[in-house]
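S.K.: Protein chains in written order, with our numbering: chain A, 5 to 350; chain B, 5 to 350; chain C, 5 to 350; chain D, 5 to 350.
Hints were generated in silico from the structure; no laboratory data involved. Predicted model, so just to flag it, every value in this text is computed and none were measured. Accuracy of the hints is not assured; some may be wrong.
Identical copies go unnamed one by one, so any copy, or any two together, can satisfy a pair.
[Claimed, not checked] DMTMM-like cross-link-like pairs, simulated, lysine to aspartate or glutamate; straight-line CA separation at most 20 angstroms: (1) K257 <-> E175; (2) K275 <-> E58; (3) K338 <-> D74; (4) K144 <-> E274; (5) K257 <-> E84; (6) K44 <-> E339; (7) K229 <-> E84; (8) K140 <-> E94; (9) K72 <-> E142; (10) K119 <-> E67; (11) K273 <-> E58; (12) K140 <-> E340; (13) K209 <-> E339.
Protein chains: 4
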Amino acid sequence: MIRVGVIGATGYTGSELLRFIFSHGQIELTYVTSYSFAGKSLPEIHPHYRGVLEHVCASFSLEEAVDKTDLVFCALPHGEAMDLVPLLVEAGLKVIDLSADFRLTNADTYLKWYKKEHCAPQYLGKAVYGLPEIYKQEIKNASFVANPGCYPTAVLLGLAPLAEQGLVDWETLVVDAKSGTSGAGRVPSTTLHFPECAENFRAYKVAEHQHTAEMEQELGRLAGKRVAFTFVPHLLPMVRGILCTFYLRPTVKIKENEVWDIYREFYRKEKFVRVLPAALMPETRNVYGSNFCDIACKWDPRTGRLVILAAIDNLVKGAAGQALQNMNLMSGLKEEQGLQLVPLRP
Amino acid sequence: MIRVGVIGATGYTGSELLRFIFSHGQIELTYVTSYSFAGKSLPEIHPHYRGVLEHVCASFSLEEAVDKTDLVFCALPHGEAMDLVPLLVEAGLKVIDLSADFRLTNADTYLKWYKKEHCAPQYLGKAVYGLPEIYKQEIKNASFVANPGCYPTAVLLGLAPLAEQGLVDWETLVVDAKSGTSGAGRVPSTTLHFPECAENFRAYKVAEHQHTAEMEQELGRLAGKRVAFTFVPHLLPMVRGILCTFYLRPTVKIKENEVWDIYREFYRKEKFVRVLPAALMPETRNVYGSNFCDIACKWDPRTGRLVILAAIDNLVKGAAGQALQNMNLMSGLKEEQGLQLVPLRP
Amino acid sequence: MIRVGVIGATGYTGSELLRFIFSHGQIELTYVTSYSFAGKSLPEIHPHYRGVLEHVCASFSLEEAVDKTDLVFCALPHGEAMDLVPLLVEAGLKVIDLSADFRLTNADTYLKWYKKEHCAPQYLGKAVYGLPEIYKQEIKNASFVANPGCYPTAVLLGLAPLAEQGLVDWETLVVDAKSGTSGAGRVPSTTLHFPECAENFRAYKVAEHQHTAEMEQELGRLAGKRVAFTFVPHLLPMVRGILCTFYLRPTVKIKENEVWDIYREFYRKEKFVRVLPAALMPETRNVYGSNFCDIACKWDPRTGRLVILAAIDNLVKGAAGQALQNMNLMSGLKEEQGLQLVPLRP
Amino acid sequence: MIRVGVIGATGYTGSELLRFIFSHGQIELTYVTSYSFAGKSLPEIHPHYRGVLEHVCASFSLEEAVDKTDLVFCALPHGEAMDLVPLLVEAGLKVIDLSADFRLTNADTYLKWYKKEHCAPQYLGKAVYGLPEIYKQEIKNASFVANPGCYPTAVLLGLAPLAEQGLVDWETLVVDAKSGTSGAGRVPSTTLHFPECAENFRAYKVAEHQHTAEMEQELGRLAGKRVAFTFVPHLLPMVRGILCTFYLRPTVKIKENEVWDIYREFYRKEKFVRVLPAALMPETRNVYGSNFCDIACKWDPRTGRLVILAAIDNLVKGAAGQALQNMNLMSGLKEEQGLQLVPLRP
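Hey, can you work out the whole structure from these sequences and the hints?
M.R.: Structural data, given as structure tokens:
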């Protein structure tokens, strides 16, 4: 049994990590910390864990972490992880960081998008970007993984097959993203107050969302050149799920069925990406609670545009599920171990 | 008092028409018909009307319609309206048709998008397109108005100021639309079954929605040339509201504040279009139950794109409210008579 | 035109008051205050008011209130109203207080249920309890009205006809109440955080809700004796609406249709209480946004119990709409003036 | 590996059965039938099963069922199961029937509540009532189990500890139940049409729900006498979850903590019933997607009433999860095998 710890178990991402750790089968939860709820048991923080996992959350201690675990998931907020993660890495632990702090490789880019100086710039670029469908080999050899954000996961999986083959005319790319509210975390705010959110729909951070940097960095790597595109996120009156709609013109003449083929080929061996049958479209509910990403495409002959659609559960493939997938790879386990859950529908 | 009738009072659009007719003040409901519920009173069909409007629905009779009304709202489904509307027009009644049957001016286009032969092609082009913010003068003089669809209303209001000035590079235009479920009407279906819809989000009729024809016809008229763009509608897990996000490159170099100015100027005299203050974004809840359309714009300097956002209540500005607005204009009443309702929030 | 003020326009109740004031027709909003948003305009606080009401909120000043208004609605939170309301009353203004501070007539009861010493006990019992269907005459003559709470309104309207005739065996009465989230107000909290509330249902303050005192006081007055019953509120994953289900045994043998008759007779002249046709049941959506209370009953022959059901919109008949109804009565206007809105459905 | 079949895989219950069968580990799905979708693969019926379970649904054949399975779950609608189940039982298969057809032991009661003559009355009383927390031993020895309904499961688990000890004054019992929409099944109807259900709440089948018979039969058995009580179900604007609120007077003087103790003792060995810590209350979200039943109690000293609350996921502990629990018991497996899923929250 691999001994794993969760640093920051209070939030939604932490809670989801616990869910997958509990049912994994080959790992053991040996250390759980919470800053705001130290001393409380998991069911006191997450009442649905009663009778399931009843660990008491500790205050973080590096010594204890090193002593008790082989691998830690760090589920701290952006800006807080960067203080702690380097210590864990230095101490020789395997680390999967779910924050944004080590996804970007450039400190200036971090400052520009997160409006905050990075406090451990020497660690930027040290983590492997934990998107297993693209960096599987690197992740297998990694001891420090930066787990992708929820929007970047949907966007990269949705575009990678075309990007890698140079088929995206980047000038034409628009990404219209829609997310459930759990992506914004567990801290109450006016924006996420039930009466303000229910029966309401709106865009936010229009063309300014901080995840844009991460997406452009990674798509640029796949494309072999700098890329920039317009990304607009919207808030859905629901809890879980991201659907991204991509609009682009291909660089070459291509038929819809050829595009489907490219996607099927690219994800041929992947357990968690489902390229749908032609004519079907992704629905967030079909991936609810699961680690799947559903993808479809549609050719618009009237405008010469490709429309690509990708759906994930933001808390699973967009966070905790993907982190477990990375852990499996880093630990030599079966990639899908503990992640073969059926989506919950209805 | 103007005597008005509602042909087809069973559906959601019919129900909303009744709401606005009830509180209008200068019109009187003198005739209501329903095909499926003839002989039933309004509260038997729409229980919230108990104690408000208790008319009994008749089966349609042309004679009665002519005898009892000065103006009729026709709220029949697409494909059924075209049988009836010509009779009403011929009989000399003022007619506002809320179906799609007389919005297109070309029978071939109708066949192509609605997959049905038009049975009264000689009436195509005879109706004034009832978007008051653009065709106010024509509507004032009209006796036959084709009331715009919900998506077209949001799209046309969102693009008209730029389209009219030739500022849209049509090649670059993408419209990503999201609608609540009431737009799909009152007939139950698997797609709109509560457990299938709630906590779910998906696209539908990707790049193939029949309203595309109407939008391109009207935008083409404003632009002075044929235009085509990609339109993708999505289904929101909520009841009312449409938000459209438009992505386009302008034809000339232009600053964000100039765009705001163009919108403010264009809608300067309009009571129902609210160009928001810079930095604010439309939310569907801010127009809930009202005849408002809220619009904002955002310049993305990284990609040279303009993002425009427009929100309406699909049943009000996208259907019944707009129909009343047209009726006011056709009848020489104040344009906003009976439509000055505060949006319902929360 | 009557000049009215709203003290505390920031919350949901304040916002609803503004909605009804705007469309009333015979009153004028001359004074609006907000503690937390003084200096801001209404659209900055409630964005849906843009282009509708654009007053700037003042800090409260007694002098200004007296100078500018004939009647004020006080929409301050419980515990804050009691500081201010006596000043307004003393100054000779007509006052409708929407807080709980002057509904109870006994300072000990206030302390017991609100866990707070009342700071103006000499005013307890001075306000008329503003439930127009029961105290119409008193309200007409009143200059100080305590507007009932949302649960008490539904409970009192649901039970008054039976209580008044001595038909309730109080020992057997159980009230199971369910409310939308807007009743809890506009301040964000974990409980009302969208991801915690959506797709969730729970009871709260089981048999301990502070409104119980108010209901028992008023039902006791109708019954002519002290009464006590079990009241359990629940939180619905929706925004507006209260449905109460009452279970009781009648004191005498009575048939279901006789119960219906008692209700119809009791509310015969009332514009805002709709006793449904037999076999129909209330739905919150049928009163959404309106001042209606819908009531039905059902006899359970197997157990000798009556089940009564009553639905209101908590922000309207349960707060702002009822306050306007009281204002109409206090001001000699038509009771339904400005309140004849059709419920919003769907 | 035990070979299991699912008769009627189209509905929500069938879909949930598949979910638990998939992740069970010691059983194998060898036969799946669907009347309405024979010839279709599971992902064509339930798109979230793509890449998970891809069996093609057969038309039912008794021969095949016998040939291919050791145990079958029958998930046919009430009234259809009674034609088929006797054949399966006769053929020597272990049968778990999820319909209501064999839960009642009396044909007259069936006729009275289901308004339909039972076509296999000789089988009434032959099935073990599959509530493992009460009939564990009988289920272990059974080859034919009638799986309880969703409301009965919540009601029986909520009352069994008190009923068994004779502590319920049945004259005083009221059960106010609230259910998500998935309990009504997958067939679209006006009632469950999204725009009719969302932001709406109502009671239905007031004091007339057909499950009442089943609850009274089973509670009567526990109480050792005929019992009758008032049961009122309500429809929640959400997908999954039942919360029942019970109101009763105890037959003896008893303190709240003694009630808690009775519940804790009664369910001491049960894996799926969580008696909450005092002061906590059940929330449907805490059992979402899981086989848990959460229970709490509250003493109302003012009225001498006990309030009990119980929450389940109607599709899991109220249907498919419980069926698997029964299968485990009937097959000599660990009772919780394949059912140890963490509730999905948020």
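S.K.: Now tell me, hint by hint, if it's right for this structure.
M.R.: Structure-based check of all given hints:
1. In this assembly of identical chains, the alpha carbons of K257 and E175 lie at most 20 angstroms apart whether taken from the same copy (16 angstroms) or from different copies (17 angstroms).
2. When the C-alpha separation of K275 and E58 is checked against a cutoff of 20 angstroms, the pair qualifies only between copies, where the shortest distance is 14 angstroms, while the shortest distance within a copy is 32 angstroms.
3. With identical chains, the CA atoms of K338 and D74 are at most 20 angstroms apart within one copy only, with a shortest distance of 18 angstroms there and 31 angstroms across copies.
4. Only within a single protomer do K144 and E274 lie at most 20 angstroms apart by alpha-carbon distance; the minimum there is 15 angstroms, versus 41 angstroms between protomers.
5. For the homomeric pair K257 and E84, neither the shortest alpha-carbon distance inside one copy (47 angstroms) nor that between copies (41 angstroms) is at most 20 angstroms.
6. In the homo-oligomer, the alpha carbons of K44 and E339 never lie at most 20 angstroms apart, since the shortest distance is 33 angstroms inside one protomer and 30 angstroms across protomers.
7. Taking the shortest Cα distances, K229 and E84 never come within 20 angstroms of each other, neither inside one copy (31 angstroms) nor across copies (55 angstroms).
8. When the C-alpha separation of K140 and E94 is checked against a cutoff of 20 angstroms, the pair qualifies neither within a copy, at 23 angstroms, nor between copies, at 54 angstroms.
9. Taking the shortest alpha-carbon separations for K72 and E142, neither the intra-copy value of 26 angstroms nor the inter-copy value of 45 angstroms comes in at or below 20 angstroms.
10. When the C-alpha separation of K119 and E67 is checked against a cutoff of 20 angstroms, the pair qualifies neither within a copy, at 32 angstroms, nor between copies, at 46 angstroms.
11. In the homo-oligomer, the alpha carbons of K273 and E58 lie at most 20 angstroms apart only across protomers (17 angstroms), although the nearest pairing inside one protomer, at 37 angstroms, exceeds that limit.
12. In this homomeric assembly, K140 and E340 come within 20 angstroms of each other (Cα to Cα) only inside a single copy, at 13 angstroms, whereas the closest approach across copies is 35 angstroms.
13. In the homo-oligomer, the alpha carbons of K209 and E339 never lie at most 20 angstroms apart, since the shortest distance is 35 angstroms inside one protomer and 36 angstroms across protomers.
The structure is inconsistent with the numbered hints 5, 6, 7, 8, 9, 10 and 13, although it conforms to all the rest.
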